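Chains A and B supply the protein sequences, listed in that same order.
Counting from 1, one number per residue, gives the positions in the first sequence under my numbering.
Counting from 1, one number per residue, gives the positions in the second sequence under my numbering.
These are computed hints drawn from the structure, not numbers from a lab.
Quick caveat, the model's predicted, so the values are computed rather than measured.
Virtual Cβ for every residue (Gly too), placed ideally from N, Cα, C.
Incorrect hints may have been included.
What the hints assert, rightly or not - Some chain A residues flagged as far from chain B (calculated, every beta-carbon gap over 12 Å): (1) ILE2; (2) PRO26; (3) ASP32; (4) GLN186; (5) GLU264; (6) GLU287; (7) ALA312; (8) VAL313; (9) ARG320; (10) ALA356; (11) VAL361; (12) ALA363.
Stated by the list, open to error - Here's a subset of chain B near chain A, in silico, CB distances under 8 Å, partners left out: (13) LEU23; (14) LEU25; (15) HIS30; (16) ALA34; (17) VAL106; (18) THR242; (19) VAL245; (20) GLU324.
Here is how the chains run, residue by residue.
Number of protein chains: 2
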Amino acid sequence: MILERHLFGPGPSNPYPEATAALGLPILGHLDPAFLAMMDETCEWLRTVWGTANARTLPLSATGSAGMEAAFVNTVHEGDVVVVAVNGLFGQRMCDVAARCGAEVVPVEHEWGTPVDVDRVTGAHPSPAIIAAVHAETSTGVRSDIAGLGAGKGDALLLTDAVTSIAGIELHADEWGIDVGYAGTQKCLGVAPGLAPFTINDRAFERRVEKPRSWYLDLGLLGGYVGEAGTKAGGGRTYHHTAPVAMVASLHAGLGRILEEGLESVWARHAAAGQQLQDGLEQRGLELFAEKGSRLPELTTVKVPDGVDSAAVRARLLERFGLEIGAGAGAYAATVWRIGLMGHNARPDAVELVLAALDEVLA
Amino acid sequence: MILERHLFGPGPSNPYPEATAALGLPILGHLDPAFLAMMDETCEWLRTVWGTANARTLPLSATGSAGMEAAFVNTVHEGDVVVVAVNGLFGQRMCDVAARCGAEVVPVEHEWGTPVDVDRVTGAHPSPAIIAAVHAETSTGVRSDIAGLGAGKGDALLLTDAVTSIAGIELHADEWGIDVGYAGTQKCLGVAPGLAPFTINDRAFERRVEKPRSWYLDLGLLGGYVGEAGTKAGGGRTYHHTAPVAMVASLHAGLGRILEEGLESVWARHAAAGQQLQDGLEQRGLELFAEKGSRLPELTTVKVPDGVDSAAVRARLLERFGLEIGAGAGAYAATVWRIGLMGHNARPDAVELVLAALDEVLA
């Protein structure tokens, strides 16, 4: 029996139908001219969703967490001061990853559920090499002001996690001063998990580690893998590793769908769905977790009502409706739910379904 | 227009139909009990194709090259002596990756096209921490004697690249003394590229680097990701990263197909197809590149006849027949072709097609 799920957790989300259809097509060789042309177009379309003109914009061949690792391993020189804004699980993870790369990490802790305090972060150290922050914290459903960090970064590089923001809410990497960014495919991009859309500008690339500890994620080598900017499809490629061709084809299809709809329309669709859900939850007397004014539309965090067994509700939703919502993260595992309306699921019918399902299960 | 290719290069190969069909199914959440059960079964079936009882056997969430990196980054302590058998491109790459992990690399060079010399490799250093070798060199089409290295490894760990051998030729990780092994999905496993089947035994795990430089590939953390051995599906998982659920489902389906056919039958099918191809090429007066007695059935290397433009032939095969064969690697890029008959393509009809196509294009 083929299982079908409504994936309304923090990701993966149900892919756009175009992305799923692409996965089922015959695969191409990783050096096939037709595949290389598809890779070129994928990189070009990624530039659009990142809001960047960076030549070095590509899908890394691993999940979003490897994007985080690529960001640090290519930019942290031994002993570099890295200021990390920590307002959730993924900020914490940045500290771990940066430290393994040899950074002197300066974490700036925030209460979970609140956005990053730009002044505290930019003032945390007089001359950091890197300032790192999460745009949309998947663990808490909070949006932070990346443009503010970019304005106050000084000489530091600004490194940004856009895993849950890309193609869901406004993201303007160049305008905001993002030097290095990584994302994932399985949230608002509406593609299965497995790739990490990545971008790095010239400023950061010039300061990179020449021979990073990771061969697989070495951006100096990966330039040849995607033929870098301006290289014609089919020429100028250097073999690095075998591209995950099926996943790249799926990402290409998902991006095509998004750009056909229009990126601003997609943002508006996410905004509307998130507002509809959050209004509906509050009308039912449920309390939202993320601070008002910083709530992500694509990922809503809501407090589990007193006396309600969080896991039992989630199990019942899955069993009765094939509907997945997420537990909370970290200390909030049992007291918060995370409800994602990402990519293909950012639709009014999805909102009505999840609200009706909650009504029944909580009754 | 949907492009269809005969992928007779060094990989990716055309996936088994079951593996392609699985990619097109609705995806599951990465913590869904049904997905966790599928992951458990995938790890169990990977044990079978590896020939191992290792609890720590799992598909890493990146391509085969990341498997190589995981093998070294988890086992090389700063300054460790690592003896690497180099008889092709992937042996060379091992030297680069191991050095980035802090190894003192002792390369043992061989002429390309020849197998690893067990005595030279095991005698290259009195007390290496690690001996590393490629079982089936994708760059040359040569099979090496891993069992011999295992018998002579002494106290060293034996680290083996099985990217092009797994599920194509005999592989007995435990019997041969392989301590750490990695592979890829896109060759004889008959699945699209994107995952790295990995195995590590207790002996190697106990000697591992406690906090390796790579967070993404840290086997200490990845134990929780797959629930380790004996953990029931749905319980005992620790969130590490979001599993690439579509690719795992596809690997599960590919492995299911292989085990349904029977692993020994699959090996026999590869052996027969390779022999048929190599006989056919020699009957046509073409000269094989890999040394007789060490030729892989799943990947045949053949010298480009004098006066023939290698790239023009490959382009013509692609254009007229949608048929891909590979160029040579490294110094042999223009003088050797690589013809793969892997997984689903290890069939007599595939052999006849590639021979007939070559006949026409070389006429």
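Next on the checklist: Hint by hint, where does the structure go against what was stated? Just the numbers, ascending.
Outcome noted: Going through the list in order, the structure violates hints 1, 2, 3, 4, 17 and respects the others.
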